[in-house]
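The listed protein sequences correspond, in order, to chains A and B.
The numbering of the first sequence is this note's numbering, which starts it at 19 and goes up by one.
The numbering of the second sequence is this note's numbering, which starts it at 19 and goes up by one.
For the record, the hints were derived by calculation from the structure and aren't laboratory data.
Glycine included, C-beta positions come from ideal geometry on N, C-alpha and C.
Any given hint could turn out to be false.
To be verified - Below, in silico cross-link-like pairs of lysine-lysine (DSBU-like), each with a Cα-Cα straight-line distance of 30 angstroms or less:
#	chain 1	residue 1	chain 2	residue 2
1	A	K118	B	K183
2	A	K80	A	K61
3	B	K79	B	K183
4	B	K118	A	K153
5	A	K47	A	K89
6	B	K214	A	K79
7	A	K183	B	K153
8	A	K214	B	K89
9	B	K115	A	K89
10	B	K47	B	K89
11	A	K183	B	K115
12	A	K118	A	K89
Unchecked claim - Per the computed footprint, the stretches of chain A lying under chain B, defined by three or more beta-carbons under 8 angstroms from a beta-carbon of chain B, are:
#	region
13	36 to 45
14	52 to 66
15	121 to 132
16	152 to 165
Said to hold, decoys possible - Across the chosen pairs, the derived CB separations fall in these ranges:
#	chain 1	residue 1	chain 2	residue 2	range
17	A	K214	B	G91	24 to 30 angstroms
18	B	V57	A	Q190	31 to 37 angstroms
19	A	S52	B	D142	23 to 29 angstroms
20	B	E125	A	S52	50 to 56 angstroms
21	B	K115	A	S207	31 to 37 angstroms
22	B	G91	A	S52	52 to 58 angstroms
23	B	E146	A	K214	30 to 36 angstroms
24	A	K214	B	Q190	42 to 48 angstroms
25	B	R191	A	N62	30 to 36 angstroms
26	B	R210	A	V206	23 to 29 angstroms
27	A	L194	B	A136	48 to 54 angstroms
28	B	E128	A	T71	36 to 42 angstroms
29	A	Q34	B	D180	38 to 44 angstroms
30	A	V206	B	D142	42 to 48 angstroms
Number of protein chains: 2
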Amino acid sequence: MTPDANLHQNLLPLFQYFESYQNLSSASKEEIASICTTVQIPKNKDLQAIGHTCRTIYFVKKGLCRIYYYKDGVDITESFAFENSLIARVESLFTGKPSKKGIQTLEDSEFIGIASPALFDLYDQFPEIERLFRKIFEAAYVETVNRIENIQFHTAEERYNDLVKSSPDLLQRVPLKHIASYLGITQVSLSRIRAKY
Amino acid sequence: MTPDANLHQNLLPLFQYFESYQNLSSASKEEIASICTTVQIPKNKDLQAIGHTCRTIYFVKKGLCRIYYYKDGVDITESFAFENSLIARVESLFTGKPSKKGIQTLEDSEFIGIASPALFDLYDQFPEIERLFRKIFEAAYVETVNRIENIQFHTAEERYNDLVKSSPDLLQRVPLKHIASYLGITQVSLSRIRAKY
DNA sequence: GGTTTTTTTTAACATATGTAAAAGGATTCC
DNA sequence: GGAATCCTTTTACATATGTTAAAAAAAACC
């Protein structure tokens, strides 16, 4: 296999993911491929540290990670990202400000990193790339709006049951303490909810 | 004044708003102007009814409105929009599905409506228009992500105080029952919080 | 394989918010 | 301007979740 073919082999799941939003010309794919790098990170390590400005959008090829931050000294999980999804600290990516959040692996993981300054430059030449990412982030925006409704008008117990139903392997792969902070409750409270079943 | 100049006079605040995100060519402005209409709605009337699919993005020129829905028969306010801001039910706008939410005025109001199917068509011809709305919705996405943190890790009392500080005239212009449901608490609970001061 | 560390559960008590009902104020409307 | 409606507060009680501490269970490490 040539180095080039090898690269595309590595990026295959990423381009499959993209195609669910928007078809891309070969030229666009080439350009995107040229700004991607593959990263391997062991379990429980930081992929991106707290305090750094987000300049990379990651695609989870293997494994699992979370965005987290500290609130009054307490570790809070903002979100999880499983295989075949994108993850980025958007409040830093779109503002250029340093992020108060970090990205940490929860298993030995492999990511495809897309350099965001280079990506944003590609937007000028390739409107279809800009469109692709517009659609991706519009969908993420809609999910976030829906999550607010979920947080505000369901009990912690309902949110826990919904979460387990929508990500059945979450319980096997993620410590309960992270699930608790993601749900906005304490470990103790989550333990009480689980004890009911 | 010619009809054309009159139109642009009406749309001036909208284009000023746009310019804070992205400069537009005259051609782009003409095209956008051609898909805008002005709407006047009296107080407490629906601008967009529950159940209809969102095909218009509104700019609040005068007055005030809210996005609301019913949760188990209870009226919930999802968000407010004051003068010089955009409002749309994005979960319907970006998915094409009927919205479970409505938009209601809280004062006699005036809106500029932008027809979204026509707008999305303009994206093909005018990448700068697509870019403008990409940036607008990226910023809205970031705000929504930040709001989740605010909801999940602050008490209702803290959220109430923050809200009053960030929108001082909200209290004069919006009934407390809507503020309560926006904060995710009952009227009774909000009344107790207010009684402390 | 045993020790140490981390994770999860349990217990006891404190507090914030919910629910329901009633009363007081304010506004609307004829 | 009086009646009706809507909005806000208050009260009493119920419940969910938080806090702290300790015990139990599981996982990580030499």
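The hints, checked one at a time:
1. A/K118 to B/K183: holds (23 angstroms)
2. A/K80 to A/K61: holds (12 angstroms)
3. B/K79 to B/K183: Distance ~23 angstroms between B/K79 and B/K183 Cα, so the pair holds.
4. B/K118 to A/K153: Cα-Cα ~22 angstroms, so holds.
5. A/K47 to A/K89: Not satisfied, since the Cα-Cα distance of roughly 40 angstroms exceeds 30 angstroms.
6. B/K214 to A/K79: violated (52 angstroms)
7. A/K183 to B/K153: Given pair A/K183, B/K153 is violated - Cα atoms ~34 angstroms apart, limit 30 angstroms.
8. A/K214 to B/K89: holds (26 angstroms)
9. B/K115 to A/K89: violated (37 angstroms)
10. B/K47 to B/K89: violated (40 angstroms)
11. A/K183 to B/K115: holds (24 angstroms)
12. A/K118 to A/K89: holds (10 angstroms)
13. 36 to 45: Since three or more residues must qualify, the claim that chain B covers the region 36 to 45 of chain A is violated, with 0 doing so at under 8 angstroms.
14. 52 to 66: violated (count 0)
15. 121 to 132: Coverage by chain B is violated here, the residue count being 0 at a Cβ distance below 8 angstroms.
16. 152 to 165: holds (count 11)
17. A/K214 to B/G91: 24 to 30 angstroms: Cβ of A/K214 to Cβ of B/G91: about 26 angstroms, so the range 24 to 30 angstroms holds.
18. B/V57 to A/Q190: 31 to 37 angstroms: violated (52 angstroms)
19. A/S52 to B/D142: 23 to 29 angstroms: holds (26 angstroms)
20. B/E125 to A/S52: 50 to 56 angstroms: Since B/E125 and A/S52 have Cβ atoms about 53 angstroms apart, the given range 50 to 56 angstroms holds.
21. B/K115 to A/S207: 31 to 37 angstroms: holds (34 angstroms)
22. B/G91 to A/S52: 52 to 58 angstroms: At 55 angstroms between Cβs, range holds.
23. B/E146 to A/K214: 30 to 36 angstroms: violated (55 angstroms)
24. A/K214 to B/Q190: 42 to 48 angstroms: The hint (42 to 48 angstroms, Cβ to Cβ) holds, given that A/K214 and B/Q190 are roughly 45 angstroms apart.
25. B/R191 to A/N62: 30 to 36 angstroms: Roughly 49 angstroms apart at Cβ, these two residues miss the hinted range, so it is violated.
26. B/R210 to A/V206: 23 to 29 angstroms: Given a distance of about 25 angstroms, which is inside 23 to 29 angstroms, the answer is holds.
27. A/L194 to B/A136: 48 to 54 angstroms: The hint (48 to 54 angstroms, Cβ to Cβ) holds, given that A/L194 and B/A136 are roughly 50 angstroms apart.
28. B/E128 to A/T71: 36 to 42 angstroms: Cβ of B/E128 to Cβ of A/T71: about 40 angstroms, so the range 36 to 42 angstroms holds.
29. A/Q34 to B/D180: 38 to 44 angstroms: Because 43 angstroms falls inside the window, the suggested range holds.
30. A/V206 to B/D142: 42 to 48 angstroms: At 54 angstroms between Cβs, range violated.
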